Each structure stands twice: as C-alpha cells, then as structure tokens.
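Trainee: Chains as they are written, first to last, in the working numbering: chain V, 24 to 136; chain L, 3 to 116.
Just so you know, these hints were derived from the structure itself, not from any lab. Owing to the predicted nature of the structure, the values given are computational and were not obtained by experimental measurement. It cannot be assumed that every hint is accurate.
Said to hold, decoys possible - Calculated pairs, DSS-like style, for lysine-lysine (alpha carbon to alpha carbon, straight line, at most 27 Å): (1) V:123 / L:16; (2) V:65 / L:11; (3) L:46 / L:59; (4) V:65 / V:123; (5) V:65 / L:59; (6) L:59 / V:24; (7) L:11 / V:123; (8) L:59 / V:123; (9) L:59 / L:16; (10) L:46 / L:11; (11) V:24 / V:91; (12) V:91 / V:123; (13) L:16 / V:65; (14) L:46 / V:91; (15) V:24 / V:123; (16) L:16 / V:24; (17) L:11 / L:59; (18) L:11 / V:91; (19) L:46 / L:16.
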Amino acid sequence: KQEVTQIPAALSVPEGENLVLNCSFTDSAIYNLQWFRQDPGKGLTSLLLIQSSQREQTSGRLNASLDKSSGRSTLYIAASQPGDSATYLCAVRHAGTASKLTFGTGTRLQVTL
Amino acid sequence: NAGVTQTPKFRILKIGQSMTLQCTQDMNHNYMYWYRQDPGMGLKLIYYSVGAGITDKGEVPNGYNVSRSTTEDFPLRLELAAPSQTSVYFCASSSSDGGYNEQFFGPGTRLTVL
C-alpha cells in the first residue's frame, strides 16, 4: 500500500527566505506527483505536476523535483512572501490504476513579516 | 468556466439523517472523484468515476453511495449519517487517465454529524 509522508508538518520562516518542503512515498511505481496548495477553509489549488519520467518542474518562484527511485520529491519556494502562507500537500498518482491519488498529510507553512 | 462547483458549503446533520452532496464540473472531464479530509490529515478517496454510468470504490467507501448519470454531475449520498462522517468533502475532476492530467478540485463541503 502506498504511503506518502511530508516533513516537516509545520514550518515558520521570515519573509524573503528560501525554503524546501519534503515529500516521500513508499512505492516508486507512480504515474506522476502533484503539489497542491490549500488555504484555510478552501479547496486545493494545483501548483505543479511532475511526470514519472521528469526530474523537475518550475513555475515562477516554485520548483519541484522528483527522484522516483528513492521515493522523494521536494518543493522549493524562493524568496518566500506572507502570501505563501498555506498548507502544501503532495499527492502521487499510481501507475496502472484509474487516476487514484494518495495524499500526504501536508506541511503548514507560515511566512512572517 | 466555473470549474468544479460543490453544494452546499456547510451542513449539519443529525445521526441517521441522509443527504446528497452535489458536484458539477463544466470542463467536460471524464474522470471525477470524491475525497474526504479529516482534521490534520491528507485526503482519502471515497469513490471515483471514469465516465457516465461507471463508478468504483476508493479507499473509504463504506457509508456512501454515488451515481454518474451525466458527464457533468457526480453526487455523493450519505444514507445514514454517523459522527464518523464528520469531515470536509472534496470533489475533483480530470480529463482522462494518464500522467499529464491534473486533478482540479472544488471548494469543499464541510459536514458535521451530531
């Protein structure tokens, strides 16, 4: 059974700092990995999707990497801003199944002034 | 495009009551999903559908039922509400299976069973 773990569970950084969020998964047979942002009381917003054949994806100040063989992904946020404060979730899509996602429990990020 | 919409936003039920959570998407996506998110936890898949008339169980289907009569709509029914079903419910959709297709999420329905 696929298990997805995110460390740390919570993180507080001052504005302007670069930071890394970690995601690990136990079964490397995945189609892709997706990073989401969730604001309090809101739904999920997709940030980046990395195919199993890719090593990284970039969008603005965000960079996500994938090392499928070791079961790890990182989300790098450059020059953090207070508006980045949210919970970040990673989810893996299983290979050979109908698009099912397994989610981690998330990292709650607070960027302070 | 409205994307994925869910109604209601909030609901309080008494034990044993039933209700239907509505989900509609206007992106012509074949795949639709229902997840629940308990406090401090990740999302768990309840049911999913790969097209009209086709549904299948996810990880936590007990106590729920679904139907998919149209491409746009994927309602989730709770027949006999229990306190363990207190959660936030998210509906999602994607265009098809395969590695390039993101899942798009609705804003969620916050359900409390007392």
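Trainee: Now look at each hint and say whether the structure bears it out.
Mentor: The hints, checked one at a time:
no. : hint         : result
1   : V:123 / L:16 : violated, 31 Å
2   : V:65 / L:11  : holds, 10 Å
3   : L:46 / L:59  : holds, 12 Å
4   : V:65 / V:123 : holds, 21 Å
5   : V:65 / L:59  : holds, 25 Å
6   : L:59 / V:24  : holds, 16 Å
7   : L:11 / V:123 : holds, 24 Å
8   : L:59 / V:123 : holds, 11 Å
9   : L:59 / L:16  : holds, 25 Å
10  : L:46 / L:11  : holds, 19 Å
11  : V:24 / V:91  : holds, 16 Å
12  : V:91 / V:123 : holds, 18 Å
13  : L:16 / V:65  : holds, 24 Å
14  : L:46 / V:91  : holds, 22 Å
15  : V:24 / V:123 : holds, 13 Å
16  : L:16 / V:24  : violated, 34 Å
17  : L:11 / L:59  : holds, 24 Å
18  : L:11 / V:91  : violated, 37 Å
19  : L:46 / L:16  : holds, 23 Å
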